[in-house]
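Quick mapping for you: the protein sequence lines, in order, are chains A and B. Per our numbering, the first sequence starts with residue 1, numbered consecutively. Per our numbering, the second sequence starts with residue 1, numbered consecutively.
Calculated directly from the structure, the hints in this document are not laboratory data. The structure presented is a predicted model; accordingly, all values stated were derived computationally and were not measured. Check the hints yourself; a few may be wrong.
Taking beta-carbon pairs under 7 Å as the criterion, some of the chain A residues facing chain B (in silico) [unchecked claim]:
id, residue
1, 42
2, 43
3, 101
Distance ranges between label pairs, derived from CB positions [claimed, not checked]:
id, chain 1, residue 1, chain 2, residue 2, range
4, A, 9, B, 58, 27 to 33 Å
5, B, 52, A, 66, 31 to 37 Å
6, B, 41, A, 69, 25 to 31 Å
7, B, 1, A, 58, 17 to 23 Å
8, B, 3, A, 60, 23 to 29 Å
9, B, 82, A, 54, 43 to 49 Å
10, A, 64, B, 17, 45 to 51 Å
11, B, 2, A, 9, 28 to 34 Å
12, A, 16, B, 18, 49 to 55 Å
Beta carbons: idealized from backbone N, C-alpha and C, even for Gly.
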Amino acid sequence: SQQGEEDPQALSIQEGENATMNCSYKTSINNLQWYRQNSGRGLVHLILIRSNEREKHSGRLRVTLDTSKKSSSLLITASRAADTASYFCATVQAPGGATNKLIFGTGTLLAVQP
Amino acid sequence: SQTIHQWPATLVQPVGSPLSLECTVEGTSNPNLYWYRQAAGRGLQLLFYSVGIGQISSEVPQNLSASRPQDRQFILSSKKLLLSDSGFYLCAWSVLGYGLTNTEAFFGQGTRLTVV
Numbered sequence: 001s002q003q004g005e006e007d008p009q010a011l012s013i014q015e016g017e018n019a020t021m022n023c024s025y026k027t028s029i030n031n032l033q034w035y036r037q038n039s040g041r042g043l044v045h046l047i048l049i050r051s052n053e054r055e056k057h058s059g060r061l062r063v064t065l066d067t068s069k070k071s072s073s074l075l076i077t078a079s080r081a082a083d084t085a086s087y088f089c090a091t092v093q094a095p096g097g098a099t100n101k102l103i104f105g106t107g108t109l110l111a112v113q114p
Numbered sequence: 001s002q003t004i005h006q007w008p009a010t011l012v013q014p015v016g017s018p019l020s021l022e023c024t025v026e027g028t029s030n031p032n033l034y035w036y037r038q039a040a041g042r043g044l045q046l047l048f049y050s051v052g053i054g055q056i057s058s059e060v061p062q063n064l065s066a067s068r069p070q071d072r073q074f075i076l077s078s079k080k081l082l083l084s085d086s087g088f089y090l091c092a093w094s095v096l097g098y099g100l101t102n103t104e105a106f107f108g109q110g111t112r113l114t115v116v
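Given these sequences and hints, build the entire structure.
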């Protein structure tokens, strides 16, 4: 079953603008991760934020986590045409243990127009 | 360095035929292994995951099965394919990190399966 729901489902912006994607989840988590998928390819890990963290940065990426609202956001600043892809959030549910699973959301399709 | 191999890249199979998709990981030991399926324009559905040899957990009752005959080998199978088995199949691996929770997952390039 899906754990996360991304919002919006699709987003179209101009190059240079910022893109914000949101993710909501249902259960308590150990960590939340964001991935990127180019069309027809495998997923690539972007950033991981633990349940005790509120914000994390990596280059042009900024991720926030609000565990009280069970939500996260991914901000891509100064977007480029090469950022065009689908973006997914994924959660590791708590309690974890050796059987913890990585559950993905439904994804946001980002199109950056040159 | 760690790598993951998944093959074939594309596959067209008739209804009722068997299926075997293979995934192998190099450069790491005792990984957690996953099979996901992705319908067109949709998110990833977790099908199976494995924390060790011979240990398989099924997430969704279906026409598919998985096996892990070796530490770094994960196989997705079906005895008789259905039209609804069409999709994009992704293999992934991860290891346990801080607090014995999953860290990032590494994905293969996927297999596009079309059942006709």
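Evaluation of the provided hints:
1. 42: 4 Å, holds
2. 43: Since the shortest Cβ distance to chain B is 5 Å, the answer is holds.
3. 101: Given a least distance of 6 Å, the restraint on residue 101(A) holds.
4. 9(A) / 58(B): 27 to 33 Å: 29 Å, holds
5. 52(B) / 66(A): 31 to 37 Å: Holds: the Cβ-Cβ distance is about 35 Å, inside 31 to 37 Å.
6. 41(B) / 69(A): 25 to 31 Å: Roughly 27 Å apart at Cβ, these two residues keep to the hinted range, so it holds.
7. 1(B) / 58(A): 17 to 23 Å: Holds, since residue 1(B) and residue 58(A) (Cβ atoms, about 20 Å apart) stay within the stated range.
8. 3(B) / 60(A): 23 to 29 Å: Given range 23 to 29 Å: holds, Cβ gap about 27 Å.
9. 82(B) / 54(A): 43 to 49 Å: 45 Å, holds
10. 64(A) / 17(B): 45 to 51 Å: 47 Å, holds
11. 2(B) / 9(A): 28 to 34 Å: 33 Å, holds
12. 16(A) / 18(B): 49 to 55 Å: Since the Cβ atoms of residue 16(A) and residue 18(B) sit about 51 Å apart, the hinted range of 49 to 55 Å holds.
The structure meets every hint from the earlier list without exception.
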